Every structure is written in structure tokens, then in C-alpha cells.
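2 protein chains.
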Amino acid sequence: MAASPLAGVKALGFDVFGTVVDWRSSIIREGEALGRAKGLDVSWEAFTDAWRALYQPGLDKVRTGAMPWTRLDDLHRMSLDRLLVDFEIRGLSDSEIDHLNRVWHRLDPWPDSVPGLTRLRKKYVLATLSNGNVALMVNMAKRAGLPWDAILGAEPARHYKPQPEAYLRTADFLGLRPEECMLVAAHNSDLAAAARVGFHTAFVRRPTEYGPTQTRDLRAEQAWDVVAESMVDLAAKLGC
Amino acid sequence: MAASPLAGVKALGFDVFGTVVDWRSSIIREGEALGRAKGLDVSWEAFTDAWRALYQPGLDKVRTGAMPWTRLDDLHRMSLDRLLVDFEIRGLSDSEIDHLNRVWHRLDPWPDSVPGLTRLRKKYVLATLSNGNVALMVNMAKRAGLPWDAILGAEPARHYKPQPEAYLRTADFLGLRPEECMLVAAHNSDLAAAARVGFHTAFVRRPTEYGPTQTRDLRAEQAWDVVAESMVDLAAKLGC
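Chains A and B supply the protein sequences, listed in that same order. 1 is the number of the first residue of the first sequence in the numbering used here; add one for each residue after it. 1 is the number of the first residue of the second sequence in the numbering used here; add one for each residue after it.
Treat the hints with care, since some could be wrong.
Which copy? The list can't say, so a pair holds if one copy fits it or any two copies do.
No farther apart than 20 Å at their CA atoms in a straight line, the calculated lysine to any residue pairs in the SDA-like style are these [what the hints assert, rightly or not]:
1) 123 <-> 179
2) 142 <-> 180
3) 237 <-> 103
4) 122 <-> 50
5) 123 <-> 226
6) 10 <-> 103
7) 10 <-> 106
Just so you know, these hints were derived from the structure itself, not from any lab. Owing to the predicted nature of the structure, the values given are computational and were not obtained by experimental measurement.
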């Protein structure tokens with residue numbers, strides 16, 4: 001009997017926003033607390049969705065070369081400065097704005113993430129393969145207890161996903177060939193880009209990442225190597 | 001009373017070879033086992049010291065631009081290929097030579113390293129700030145249980161210590177200013193280079209790193225911020 005094609009996988013690279021952490025609920029919750037403290041009348045659902053809507057256009061400026069390399073913290077801040085005007089949020093000091101911008105460092109994991117990663121880590125090297133910058137990922141991991149072996153992805157690779165270099169340079173940092181790596185993500189487009197450069201793929205379904213009316217990424221749209229309902233389910237399906 | 005100048009330190013960057021792990025004993029031990037298995041008549045002390053003696057000259061070729069960026073695994077292999085001739089080590093297969101080259105991934109920590117790092121990690125971000133490449137550091141940490149928050153240093157910075165970029169880019173990846181970082185090292189020259197770019201400094205004494213007749217780095221040669229006898233002593237001196 002032939003060995004499983006997954007038998008050669010040595011490292012798992014993780015998309016983080018949405019796949020490992022619940023960015024939307026975390027930011028809404030912190031925004032609501034800020035609103036109460038500062039007497040702000042803001043829809044934090046709308047604010048959070050608007051912030052995330054500026055994410056891909058910001059990355060695109062870097063991907064196309066319209067902007068030089070810019071880390072995600074700084075792209076988030078450029079978007080936030082605009083949203084403070086659009087949502088008429090006034091009266092925040094510079095340090096309060098900086099603190100709000102770093103809410104992305106304080107996102108809570110989905111409840112299954114830490115237990116699932118802890119199991120997966122016994123068998124695989126676990127690395128972030130996120131567009132988030134290193135400081136963001138380190139601070140998030142420290143607060144949330146995410147047991148990464150390495151913080152890699154866009155910033156060390158100097159390319160934002162889904163550019164091929166983001167995946168290939170992550171594999172190269174780990175001293176591995178692409179087929180020895182698997183991307184774990186809740187987003188079909190991310191998995192498609194990883195598969196194109198030779199990575200294995202695991203889809204983890206996160207049907208409320210974008211809130212209760214989510215329409216995208218509700219299911220695996222291609223024949224990914226593994227399809228899981230949670231990080232714990234992924235651990236079980238990978239024999240951990 | 002003024003706050004301690006160390007109160008602002010948020011991250012510790014660690015030299016690894018010699019400071020955290022005992023490369024010399026580890027390589028001698030594995031070499032002796034290989035020698036017995038293969039019937040080789042080699043002084044593994046001399047072999048290990050010769051391998052390490054080729055380390056700085058190899059790094060210098062990259063530092064000076066005589067060679068393009070080359071990761072330490074590949075520099076180690078170039079040195080090893082030469083030593084196999086010099087020490088008349090014959091009869092190893094390609095995969096056996098590759099495995100021997102990766103002995104640097106399998107170095108044992110000093111006995112105090114894991115307990116000390118575990119205490120330090122509660123208060124500080126702990127990052128490697130080594131000339132070792134990412135894969136080497138990740139594999140070493142996984143095997144030895146070294147609790148790093150991030151694998152940084154020469155390869156992500158694309159500069160070998162003591163070049164200033166190695167320290168400055170590590171701080172930058174962490175989103176910190178140099179004065180928010182402290183280098184922990186058993187080598188006075190490494191600490192001097194870090195101090196020149198604004199890092200705080202901690203010397204950990206490792207008087208047998210180079211064997212029982214070591215003459216270098218037996219004591220702190222400048223007024224480093226902290227001087228410690230072990231990683232556990234460092235944790236105590238930093239209030240962890």
C-alpha cells in the first residue's frame with residue numbers, strides 16, 4: 001500500500017486572522033468597551049467590518065509596488081486614521097489611538113485553537129504564515145497562549161499572501177520543500193495560492209468569521225487534502 | 001528614586017551557541033558515537049574545535065560580501081566537507097554526512113537554560129538573536145524544549161552578528177526600540193556590538209564553552225547591565 005501523500009508533511013503554516021483567532025468579535029468587544037468609557041456613539045460592528053474591508057486594498061498597494069514594504073501594523077494605522085474621521089470618533093489621545101490600533105495584537109483565539117495546536121505541535125513544526133507582522137503575531141501569541149514554533153509569513157518573506165514568495169520563503173526558512181509543508185486556512189483563496197506552489201492544504205471551516213450572515217468560505221471549494229471543522233478536528237484527522 | 005534603566009526592557013535576544021547550548025560537548029559526544037559505529041579513528045575534540053574554528057572565517061566571507069547571503073547550515077557543510085578530508089573520515093554516505101552536518105540542530109542546552117528561560121518568559125519576550133539559521137534554531141528548540149517566543153537573528157535580518165543590522169532588525173521585527181531590548185550572551189564581543197547600537201546587555205558566564213582549558217570570555221570585560229552565572233541566576237537578577 002502506498003504511503004499517504006501527507007506522510008512527508010513536517011510543518012504546518014497557519015493563516016491566523018479568522019483561522020486561529022476571531023478578529024471580528026474581539027475588535028467589536030474592545031470597541032464597545034472603549035465606546036462606553038469615552039461616551040462614543042459608534043456601531044462597532046460596522047466599524048470593525050469597515051476596518052477589515054480596507055485590509056486587502058492596503059495590502060494591494062504593497063503587492064503592486066505602489067507603496068514600499070509596509071508592515072501590517074502601519075497599514076492598519078493608515079486605515080484607522082481614516083475610519084476615525086468617517087465614524088466621527090473624536091477625543092482620543094495619540095496613545096489611545098495607538099492602543100486601539102494594536103487591538104489586532106489582542107485578538108482572542110477560537111475556543112478550539114489552543115487545544116488543537118497543542119496536539120498538532122507534538123507531531124509538526126507549527127509556524128505562522130500570516131500577513132500580520134512579527135510583533136503583532138508575537139504579542140498575540142504571548143497573550144493568547146498560542147504555541148508556535150516559529151513566527152514567519154509575510155514580514156520575514158517581505159511579500160504578502162497570496163504572492164508565491166510568502167509561502168515559498170516560509171518553507172525555505174524552515175529548510176523544507178513546499179511539499180513538506182501544509183497551509184492551514186479558513187480561506188479557499190489562500191489555500192489555492194499555497195497549492196499552486198506545491199504546499200499541502202487543510203481547510204478549517206470558520207462559518208462565523210465575518211459574522212452571523214457570512215456568505216464566503218462556508219465550505220471547501222476545492223479538493224483540499226484535509227477539511228476540518230475545528231483545530232481539534234484537524235489534529236484528529238492528522239493523527240495527532 | 002529614579003526607575004531602573006532596565007525597567008523599559010521588554011524583550012531579551014539570546015545568543016545561542018555557547019550561551020544557551022553546549023555545542024562542544026554535544027558534538028564531541030555525537031562524533032564519538034559515530035566513530036564507534038563506523039570504526040573511525042578520529043579525535044572528536046580536535047574535530048569539533050576545528051569545525052568551530054572555521055565558523056568566523058565562513059561568516060566573514062558573507063559579512064564582507066565575498067560570498068552572497070549563505071545560511072549557517074550551508075557554511076557548516078562547506079567546513080565539514082573540508083574537515084572530512086583533513087581528518088581522513090571516509091565511508092560516510094551523503095545522507096550520513098548531511099545528518100552529521102545537522103548535529104548543530106541537536107545541541108543540548110546547559111542544564112540551567114530551560115529552567116531559566118521558562119522563568120524569564122513570564123516577564124519578557126524571548127527571541128533567538130543567533131547567527132544560526134531559522135531551521136537550525138527551530139529544530140534545536142523543538143528537541144531541547146527551549147521556550148522561544150520568536151526565532152529571529154541573522155537569517156531574517158540577512159546580516160551576521162556583530163554587524164549592527166543583526167541587532168537593529170531584530171528589535172525592529174519585534175516592534176521595539178533598541179533600548180527596549182537586551183542581548184544575553186556569553187561573549188563580550190557580541191555584547192559590545194549590541195551595546196553600540198543601544199541594546200541593554202547581560203553577560204552569562206560559560207567558562208567551559210570551549211572546553212576545560214578555555215581562556216576567553218571567562219569574565220565580564222565591560223560594565224554590562226547584568227552579569228550572571230547561569231540562566232537561572234539571570235532570571236533571579238531580573239526579578240523573574
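(Q) Check the structure against each numbered hint from earlier and tell me which ones fail, lowest number first. (A) 3 and 4
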